[in-house]
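Student: Below, each chain spelled out in residue letters.
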Amino acid sequence: MIDARDLTKTFGAHTAVDDISFRLEQGEVVGFLGPNGAGKTTTMRMLTGYLPATRGTIRVGGFDVLRESMQVRRRLGYLPENVPLYREYRVEEMLLFQARLHRMSKADAKRRCGEVLEQVGLTDRRRSRIGDLSRGLRQRAGLAVALLPNPDVLILDEPTSGLDPIQRLEVRALIRDLAAQHTVLLSSHILAEVEAVCPRVIILAEGRIAADGTPERLVSELGGGGHVRFEAVVGDAAVAREILESLPGVSRVEDDGRLGIHHQFDVYGSEDLREDVGALSAAKGWAIRELSWRQPTLEQLFARIALGLDKEAQLPSDRPVVTAPAADEPVKLVYNLDPFAGGAERPLDAPVDAAAAKKPAAPTLNPFENFGQSAPAAPPKPAGPTLNPFENFGRPAPSEDDPNRDVGGEG
Amino acid sequence: MSGAVAIFRRELSGLFFQPLAWVLLFLALLFNGYLFTYYVQATEGDVTEAMLLSLGQALPFWGVLCVLAPLITMRMISEESRNGVLEFLLTAPVTDAAVVAGKLLAATFFFAVLWSSVPLYGLVIDLLGTSPDWGQLLTAYAGSVLLSAFFCALGLFASTLTSTPALAAFLAFLLNIGFLLLPLLKRVLVGVVSEDLLEAAVAKVDVMTRFQSSFMVGALDTGHLVFFLAWTGALLFATVRLLETRRWS
Numbered sequence: 001m002i003d004a005r006d007l008t009k010t011f012g013a014h015t016a017v018d019d020i021s022f023r024l025e026q027g028e029v030v031g032f033l034g035p036n037g038a039g040k041t042t043t044m045r046m047l048t049g050y051l052p053a054t055r056g057t058i059r060v061g062g063f064d065v066l067r068e069s070m071q072v073r074r075r076l077g078y079l080p081e082n083v084p085l086y087r088e089y090r091v092e093e094m095l096l097f098q099a100r101l102h103r104m105s106k107a108d109a110k111r112r113c114g115e116v117l118e119q120v121g122l123t124d125r126r127r128s129r130i131g132d133l134s135r136g137l138r139q140r141a142g143l144a145v146a147l148l149p150n151p152d153v154l155i156l157d158e159p160t161s162g163l164d165p166i167q168r169l170e171v172r173a174l175i176r177d178l179a180a181q182h183t184v185l186l187s188s189h190i191l192a193e194v195e196a197v198c199p200r201v202i203i204l205a206e207g208r209i210a211a212d213g214t215p216e217r218l219v220s221e222l223g224g225g226g227h228v229r230f231e232a233v234v235g236d237a238a239v240a241r242e243i244l245e246s247l248p249g250v251s252r253v254e255d256d257g258r259l260g261i262h263h264q265f266d267v268y269g270s271e272d273l274r275e276d277v278g279a280l281s282a283a284k285g286w287a288i289r290e291l292s293w294r295q296p297t298l299e300q301l302f303a304r305i306a307l308g309l310d311k312e313a314q315l316p317s318d319r320p321v322v323t324a325p326a327a328d329e330p331v332k333l334v335y336n337l338d339p340f341a342g343g344a345e346r347p348l349d350a351p352v353d354a355a356a357a358k359k360p361a362a363p364t365l366n367p368f369e370n371f372g373q374s375a376p377a378a379p380p381k382p383a384g385p386t387l388n389p390f391e392n393f394g395r396p397a398p399s400e401d402d403p404n405r406d407v408g409g410e411g
Numbered sequence: 001m002s003g004a005v006a007i008f009r010r011e012l013s014g015l016f017f018q019p020l021a022w023v024l025l026f027l028a029l030l031f032n033g034y035l036f037t038y039y040v041q042a043t044e045g046d047v048t049e050a051m052l053l054s055l056g057q058a059l060p061f062w063g064v065l066c067v068l069a070p071l072i073t074m075r076m077i078s079e080e081s082r083n084g085v086l087e088f089l090l091t092a093p094v095t096d097a098a099v100v101a102g103k104l105l106a107a108t109f110f111f112a113v114l115w116s117s118v119p120l121y122g123l124v125i126d127l128l129g130t131s132p133d134w135g136q137l138l139t140a141y142a143g144s145v146l147l148s149a150f151f152c153a154l155g156l157f158a159s160t161l162t163s164t165p166a167l168a169a170f171l172a173f174l175l176n177i178g179f180l181l182l183p184l185l186k187r188v189l190v191g192v193v194s195e196d197l198l199e200a201a202v203a204k205v206d207v208m209t210r211f212q213s214s215f216m217v218g219a220l221d222t223g224h225l226v227f228f229l230a231w232t233g234a235l236l237f238a239t240v241r242l243l244e245t246r247r248w249s
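Quick note, the sequences are listed as chains A and B, same order. According to the UniProt record's numbering, numbering within the first sequence proceeds without interruption in unit steps and concludes at 411. According to the UniProt record's numbering, numbering within the second sequence proceeds without interruption in unit steps and concludes at 249.
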């Protein structure tokens, strides 16, 4: 539906968009993600034909944006970031104006007006002046205006900026509904939003495409796997850690310290080890407070890309990296996961997962990992939030930030 | 065309939804009415003459035009470029030319309403018994509307140059005055350029003399018609191009 090739836009010496290409198929919902100044709005303006590209071509629905501008404009609904609407107009009047611009018949215009107002939930405010509407309602009015001619392609620049969380949820739901009939390209710097709405994400940084794919794929490709957060009453933490490390598939275990009577561990491994850890703790009789699968969020990836942090680059880590026991060390206990074995400890001659055990834990790729933690022999992190905003940088967000993650559903 | 009509309707409502147009209309009509009674007295009851004076024969008409046209057109493009509505219009399925033409039509319509007060006086006086020369009067009215279109085009051009309405108005005012004073070049350049060339050159820009020697005397000369239409068209063209340069800059 949208085919942009080798798109470049320069403003004088400044290159806002640098040789990007992408395609959107019909019915796709794609999120443009990037920090301010990454070139999102410029790209969108080029797609709508408002700005001509310095180099490159764009076709929308098979029409060239510059040469067959009118055909493209008729097929395209565009909502700029600041929602430009005539403030003195009533919502309905604005819609009728849009209908006249699109040469809709009177009957058509009336019908579509009712439909889109219903769609965006503004039916009861149809007689309100746009200048009197709140930011959120105006955003919806803008969406209604863009939707009115039933365009094939919808381009929404920051459709939820300035909205309160509830309005944001509503707009998200609305956009998801639109996906069935329209190809939607929306931009945002709010990641949760893009993750929630868009099956595909294009991350722009400094005018280039930094990543393109499904959020899950981006997370797994760029951010590495996840880990299991395990919090329980374990008695001796060191022993518990050793037992956890001996689980097959575990590459390393981080001891995050004591929280009250509970102990927190981050168990890293090749896959989701929740069941194994759960079985282990059931067998050991540890009272579990938390057992969850933590994955780096798109947010962290995004921050990494946006800050221009190379994956390889990292600050010298002065924090002792927890490594799995070396192969020559005697492995004392290997836990039997057979549910019928009653969780009996049994010594084994060889580690179950020798390869995993041998492999030293990979140094993390996050230069901010140790940010805010000083000495190598740092005492375990105090429980509770600290004032350091970077404390959890690069690590899975605490659950209160992202309740969706733990329930496993999309928000 | 239908795009221009849509823009025209929108601009009209934009104009008349705001108090500015009403205030200006009120003041101009008050001024016009006062002038008309004055002219009637000065011409000792020659109604047609008094009306022609109101429609361009006398200087106050030009003063009103020079001041009002910038005030009416100042916001039309500058403000929309500032609040982003222009982005909406220029991505809507209408051509840039239709956008500008629609706006020009709306501004001209305002002046058509304003100057229609004079034929209205004529109608009232006709009903009271003294019949003015309707042919001449209506020609003069049509001419004044055409002339207003020219000044509005200048105003729109200025409005495209800046995104500050007040600055646009001031610029347009200067352009208006400059245009009206251009014929003075004849006096400045006398002796520098040949007399014939000067005469011919000034005739191409002398709005006031053209207007007063054609529409005012009741003659609909296509040459003069084309003169005004061409100037308005040229300004519209420049405005559209200027609008386009925003995209390239």
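Please keep in mind that the hints were generated in silico from the structure rather than gathered at the bench. Glycine included, C-beta positions come from ideal geometry on N, C-alpha and C. Honestly, I wouldn't trust all of these hints.
[Unchecked claim] Which bits of chain A does chain B cover? Going by a derived footprint, with three or more residues having C-beta under 8 angstroms, they are:
1) 40–54
2) 99–106
3) 228–238
4) 283–293
Student: For each hint, tell me whether it holds in the structure or not.
Tutor: Hint check:
Coverage of the stretch 40–54 of chain A by chain B holds [criterion: at least 3 residues with CB-CB distance below 8 angstroms; count 6]. Look at the stretch 99–106 of chain A against chain B: 4 of its residues bring a Cβ nearer than 8 angstroms to a Cβ of that chain, three or more, so the hint holds. Counting residues of the stretch 228–238 of chain A whose CB falls under 8 angstroms from any CB of chain B gives 0; the rule of at least 3 is not met. Only when three residues or more bring their CB closer than 8 angstroms to a CB of chain B does the claim for the stretch 283–293 of chain A stand; here the count is 0, and the claim is violated.
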